[in-house]
Amino acid sequence: MPVLTASPSLGDLLKFELNASYSRETVTLKAGTSYPLGSVLGRITASGEYRLSPAAEVVGDEGAETAIAVLLETADATDGAITGLIAARGPVILADGALAFDASVDQAAERTAKIAQLATVGLVARTTV
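Numbered per this note's numbering, the sequence shown spans residues 1 to 129.
Any given hint could be a false lead.
Said to hold, decoys possible - Pairwise CB distance ranges (calculated): (1) M1 with Y22: 44 to 52 angstroms; (2) V124 with E57: 24 to 32 angstroms; (3) P2 with T112: 34 to 42 angstroms; (4) A108 with A31: 29 to 37 angstroms; (5) T66 with P91: 15 to 23 angstroms; (6) E57 with P2: 39 to 47 angstroms; (7) V124 with T78: 24 to 32 angstroms.
Everything labelled a hint here was simulated from the structure, so no lab data went into it.
Remember, predicted model here, so these are calculated numbers, not experimental data.
All C-beta atoms in this analysis are idealised placements derived from N, C-alpha and C, irrespective of residue type, glycine included.
Whenever a hint applies, use it, and build me the whole structure from the sequences.
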């Protein structure tokens, strides 16, 4: 008998949001990546585009190393920049297990730092069951 697997949904990620009209924004996602639901994003200072927030500064993408938003949908920007819906400010509670990090964020301390950066804008990650 085949095993059915469901893709993560917004309900798996977003546990509480006081006011969607206040918390959410539509932004431009940098080309070249497929972004999963729950992507932890930073904003590139020069272009204003968002990308997965790396562990350290990346030449050409300065500013993105600070996590300031979480993507609320999947988005395939492999062929070009596209718009995406983000949680930009809180109060918002997110499931920490549903967050998706840049490949460079591969240490527990780096993940903790990204979660702390999100908390400064009211996006709080909690362990959920």
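Now the hints, each set against the structure:
no. : hint                              : result
1   : M1 with Y22: 44 to 52 angstroms   : holds (46 angstroms)
2   : V124 with E57: 24 to 32 angstroms : holds (25 angstroms)
3   : P2 with T112: 34 to 42 angstroms  : holds (38 angstroms)
4   : A108 with A31: 29 to 37 angstroms : holds (30 angstroms)
5   : T66 with P91: 15 to 23 angstroms  : holds (20 angstroms)
6   : E57 with P2: 39 to 47 angstroms   : holds (45 angstroms)
7   : V124 with T78: 24 to 32 angstroms : holds (31 angstroms)
Going through the hint list in order, the structure satisfies each hint without exception.
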